[in-house]
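Student: Residue-level listing of the chains:
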Amino acid sequence: MFHSIKEGMSENIPVMSHFVVIFGCYLVAFFLFCLRLITGHSSLSLIALRWTLISFFGHLFLLSFYFQGKGYPFLSNSFDFLQVMSLTIVLVYLVFSHFYRFYAAGLFLLPLTLVFSSMSLTKIIASTTPGHFFENPWAFIHLLFVSIGIAIFIVSFITGLLFIFQEIRIKKNIFGGFLDRLPSLESLDQIYYKSLYLGFVLFTVGIITGGGWSKSETGHYLQITLKPMLALGIWIFFAIFLNLRKPLGLKGARGILLSAIGFLGAILLASISNGL
Amino acid sequence: MGYFLIGANYKTTPIHLREKFALSHDDSIRFLNILLRDGAAEEGMLLSTCNRFEVYTITQHVQEVTHKIKNYFSPLMSEDEFDWNKMIYSYQDDKAILHAFRVVSSLDSLVIGENQILSQFKQAYEFALAHKMSGNKLNHLATRALYVGKKIRTETDISKKPVSIGSIALELAGRIFENLNQKEVALIGGGKVSELVLHSLKNKGVDHLTWVNRSLNKASKLFVDLKMDYKTYALDQLVSVLQKSDLLIFSLSVDHPLLTYDVVSKIMDQRKNSPLILIDLGIPRNVEESVGTLSHVYLYNIDHLDGIAKQNGKERGEWAKKAETLVSQLALEYMQEMGKGRDTIQALHLKLENLRKKEVEKTLKKLPQLDKETQSALEKCTQSLVQKILHEPILMLKKEQNRLEHTDILRKFFKLDEE
Chain A
1 MFHSIKEGMS ENIPVMSHFV VIFGCYLVAF FLFCLRLITG HSSLSLIALR
51 WTLISFFGHL FLLSFYFQGK GYPFLSNSFD FLQVMSLTIV LVYLVFSHFY
101 RFYAAGLFLL PLTLVFSSMS LTKIIASTTP GHFFENPWAF IHLLFVSIGI
151 AIFIVSFITG LLFIFQEIRI KKNIFGGFLD RLPSLESLDQ IYYKSLYLGF
201 VLFTVGIITG GGWSKSETGH YLQITLKPML ALGIWIFFAI FLNLRKPLGL
251 KGARGILLSA IGFLGAILLA SISNGL
Chain B
277 MGYFLIGANY KTTPIHLREK FALSHDDSIR FLNILLRDGA AEEGMLLSTC
327 NRFEVYTITQ HVQEVTHKIK NYFSPLMSED EFDWNKMIYS YQDDKAILHA
377 FRVVSSLDSL VIGENQILSQ FKQAYEFALA HKMSGNKLNH LATRALYVGK
427 KIRTETDISK KPVSIGSIAL ELAGRIFENL NQKEVALIGG GKVSELVLHS
477 LKNKGVDHLT WVNRSLNKAS KLFVDLKMDY KTYALDQLVS VLQKSDLLIF
527 SLSVDHPLLT YDVVSKIMDQ RKNSPLILID LGIPRNVEES VGTLSHVYLY
577 NIDHLDGIAK QNGKERGEWA KKAETLVSQL ALEYMQEMGK GRDTIQALHL
627 KLENLRKKEV EKTLKKLPQL DKETQSALEK CTQSLVQKIL HEPILMLKKE
677 QNRLEHTDIL RKFFKLDEE
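Residue numbers (this note's numbering), protein chains in the order written: chain A, 1 to 276; chain B, 277 to 695.
Since the hints were made in silico from the structure, they are not lab data.
We put the CB at the ideal spot given by N, CA and C, even for glycine.
Some hints here could point you the wrong way.
[Stated by the list, open to error] Cut-off 25 Å, straight-line C-alpha distance, at most; resulting in silico cross-link-like pairs (BS3-like, lysine-lysine):
hint : chain 1 : residue 1 : chain 2 : residue 2
1    : B       : K426      : A       : K172
2    : A       : K251      : B       : K548
3    : A       : K171      : B       : K548
4    : B       : K346      : B       : K362
5    : A       : K172      : B       : K459
6    : B       : K480      : B       : K634
7    : A       : K171      : B       : K520
8    : B       : K656      : B       : K634
9    : B       : K468      : B       : K287
10   : B       : K675      : B       : K408
11   : B       : K468      : B       : K426
12   : B       : K371      : B       : K459
13   : A       : K251      : B       : K520
14   : B       : K503      : A       : K172
15   : B       : K542      : A       : K172
16   : B       : K459      : B       : K408
17   : B       : K398      : B       : K468
18   : A       : K246      : B       : K520
19   : A       : K251      : B       : K542
20   : B       : K634      : B       : K664
21   : B       : K542      : A       : K246
22   : A       : K172      : B       : K408
23   : B       : K648      : B       : K633
24   : B       : K480      : B       : K427
25   : B       : K427      : A       : K246
26   : A       : K171      : B       : K648
27   : A       : K251      : B       : K459
28   : B       : K287      : B       : K408
29   : A       : K171      : B       : K408
30   : B       : K675      : B       : K426
31   : A       : K171      : B       : K480
32   : A       : K194      : B       : K548
33   : B       : K459      : A       : K194
34   : B       : K542      : A       : K171
[Said to hold, decoys possible] Far from chain A by the CB rule (all over 10 Å, computed), these chain B residues:
hint : residue
35   : H337
36   : Q392
37   : S571
Modelling step: build the complete structure from the supplied sequences, incorporating the hints.
Tutor: Next up, the structure:
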């Protein structure tokens, strides 16, 4: 199998078939969560969570061999970028599910993984070997931090939406069903801000390394073009938001809705970076 | 003269209308007196809880009693609100007995299997007894209903799993806070409901809280028994408690809401929007409904608890089915006893009256010289004798205890079933 993956680096189609299997595994996990929602059998939650964990390790394993056997720098194309993002979303979901009662969020986060995974699969054929630009050591570090940072921002955003959704249910006194398995509002708020802070730290490192990359390639830390300006804008927005959140009492839904501006910027940045 | 029950509960009447049925101590006496006045009802008992308002009566004049109740409450509600047929239910005789048994067994409660209704029914009965509103018939029904309530709880698991208004309230709080023992909890009020909540809090691991009440000396023993640390505040310090607490549970009896929109809105600004849960278990409500619209404020009242009650009800469904069967059997037994007792008294009267008449006729035939005055005196004397003979057995039959057994003995003794 490993041999075929390595071979597949030069021929995209066999590699794609392996990633399609991983996509299928995540799809099964998502269906298991859906089945749990429909049937109400609580044991299905655990099965779905375990299946997601197996799929994640399969994905990590496949991506590691892909990374090893790649004939050009990793993360230099949309396929790599989107694969890392989908893997990060699952990782963050599994980590939070370990510490909080967060497994029901799989119903909302797995579709995102599926979307990024399927988008990457459509990009793989178009991927070409990049030029020397990506061979710069700053490039890999920058792209790795940015892709993981944006993925964590997205998890944070979805958690924020779940908070708002759950708060509406609580305020309207809606009970019952799988969604009652979501953690308390307090925990959702914690997950939201923890992931936001983590995403911000990684994004900050991404911006700094991006400056280093730019300096070594162009002689300037910052170029007045759309991508770096947008990244800087998002960074400033989150820096202000995270600092003023507590003093201004920007808690719960109000804070989440305000921070949505930053998330939309991050999505836009990810889209521009990947030429979507 | 039979049982007649009229009432409104959480199923038929929303909370804002049920509040209008909540009567103070003095109003309850006045209300029952109105029902008993002019002989409309012979006996009366009033069961008034957060979830139900029920009037138990012994009457021949069902229409008149209904009319009096309607007249009493209609001025308290607007014309739009006062939809009598929708809000009110009524039962007579056998159905009234079955309903009373179901209520005390908590099969008709918001939380099936809860224990509070048993003591509430007992209090209602004692209140009627103390004010001489209930007599023989209602006393029979009430004591039997309490017996049925206890029997259901011991013979089924309906109340084994602790589910009470208190624990449901804390389940709601758990949707907002992960660990209640790390939060500041305040209990406002010192009644029975507060005690229940206190036990539930203790079970959830809460070992310290703030207690606010009108009188602060009553609950110390309970806190000591539960090994809970507590700080006490007078009711006029409620706002400062509100500022520091994360969860407040209200169960005070008040005329006007303690917390208004404006007060809580100001406090939320000072709290920097830190989440606040208000659980209002009081009737009339202790917290203005509009407070729940404030962001970061989560307000629940008795009706909101209905949602969780339904979930818990599912789990108790099996036991409830068994309890329903048992309650029906016990109600049937009671009805048969009542019927058999009534029949026995009638049969006894008939038998002795026939005997008396025969003996008087025989005597008069043997003594034709007796004048009319003496004959009449003989009639009265024998009638009085029969009444005196029957007095003790009838009293025995009217007593609740061992009625069925006594009925059988008397029927055998007087050979009532042989004729």
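Student: None of the hints should be skipped; say for each whether it holds.
Tutor: Against the structure, the hints come out as follows:
1. B:K426 <-> A:K172: Not satisfied, since the Cα-Cα distance of roughly 37 Å exceeds 25 Å.
2. A:K251 <-> B:K548: Measuring from Cα to Cα gives roughly 8 Å; hence the hint holds.
3. A:K171 <-> B:K548: 20 Å, holds
4. B:K346 <-> B:K362: 13 Å, holds
5. A:K172 <-> B:K459: Roughly 24 Å between the alpha carbons, so the hint for A:K172 and B:K459 holds.
6. B:K480 <-> B:K634: 76 Å, violated
7. A:K171 <-> B:K520: 22 Å, holds
8. B:K656 <-> B:K634: At roughly 14 Å apart (the allowed maximum being 25 Å), B:K634 and B:K656 satisfy the hint.
9. B:K468 <-> B:K287: Status holds; Cα separation ~23 Å.
10. B:K675 <-> B:K408: Roughly 18 Å between the alpha carbons, so the hint for B:K675 and B:K408 holds.
11. B:K468 <-> B:K426: 19 Å, holds
12. B:K371 <-> B:K459: Measuring from Cα to Cα gives roughly 48 Å; hence the hint is violated.
13. A:K251 <-> B:K520: Measuring from Cα to Cα gives roughly 17 Å; hence the hint holds.
14. B:K503 <-> A:K172: 36 Å, violated
15. B:K542 <-> A:K172: 23 Å, holds
16. B:K459 <-> B:K408: 48 Å, violated
17. B:K398 <-> B:K468: Holds, at about 13 Å.
18. A:K246 <-> B:K520: Holds - the C-alpha atoms of B:K520 and A:K246 are around 17 Å apart, at most 25 Å.
19. A:K251 <-> B:K542: Measuring from Cα to Cα gives roughly 16 Å; hence the hint holds.
20. B:K634 <-> B:K664: 18 Å, holds
21. B:K542 <-> A:K246: 18 Å, holds
22. A:K172 <-> B:K408: 46 Å, violated
23. B:K648 <-> B:K633: 16 Å, holds
24. B:K480 <-> B:K427: 29 Å, violated
25. B:K427 <-> A:K246: 56 Å, violated
26. A:K171 <-> B:K648: Violated, at roughly 87 Å.
27. A:K251 <-> B:K459: 17 Å, holds
28. B:K287 <-> B:K408: Judged against 25 Å, a Cα distance of about 31 Å means the pair is violated.
29. A:K171 <-> B:K408: 46 Å, violated
30. B:K675 <-> B:K426: Cα-Cα ~20 Å, so holds.
31. A:K171 <-> B:K480: It holds: about 23 Å lies between the C-alpha atoms, which stays within 25 Å.
32. A:K194 <-> B:K548: 20 Å, holds
33. B:K459 <-> A:K194: 21 Å, holds
34. B:K542 <-> A:K171: 20 Å, holds
35. H337: The claim stands: B:H337 keeps its Cβ more than 10 Å from every Cβ of chain A (closest is about 42 Å).
36. Q392: B:Q392 is indeed farther than 10 Å from all Cβ atoms of chain A, at 22 Å.
37. S571: The claim breaks: B:S571 does not keep its Cβ more than 10 Å from every Cβ of chain A (closest is about 7 Å).
Of the numbered hints given earlier, the model fails hints 1, 6, 12, 14, 16, 22, 24, 25, 26, 28, 29 and 37; all others are met.
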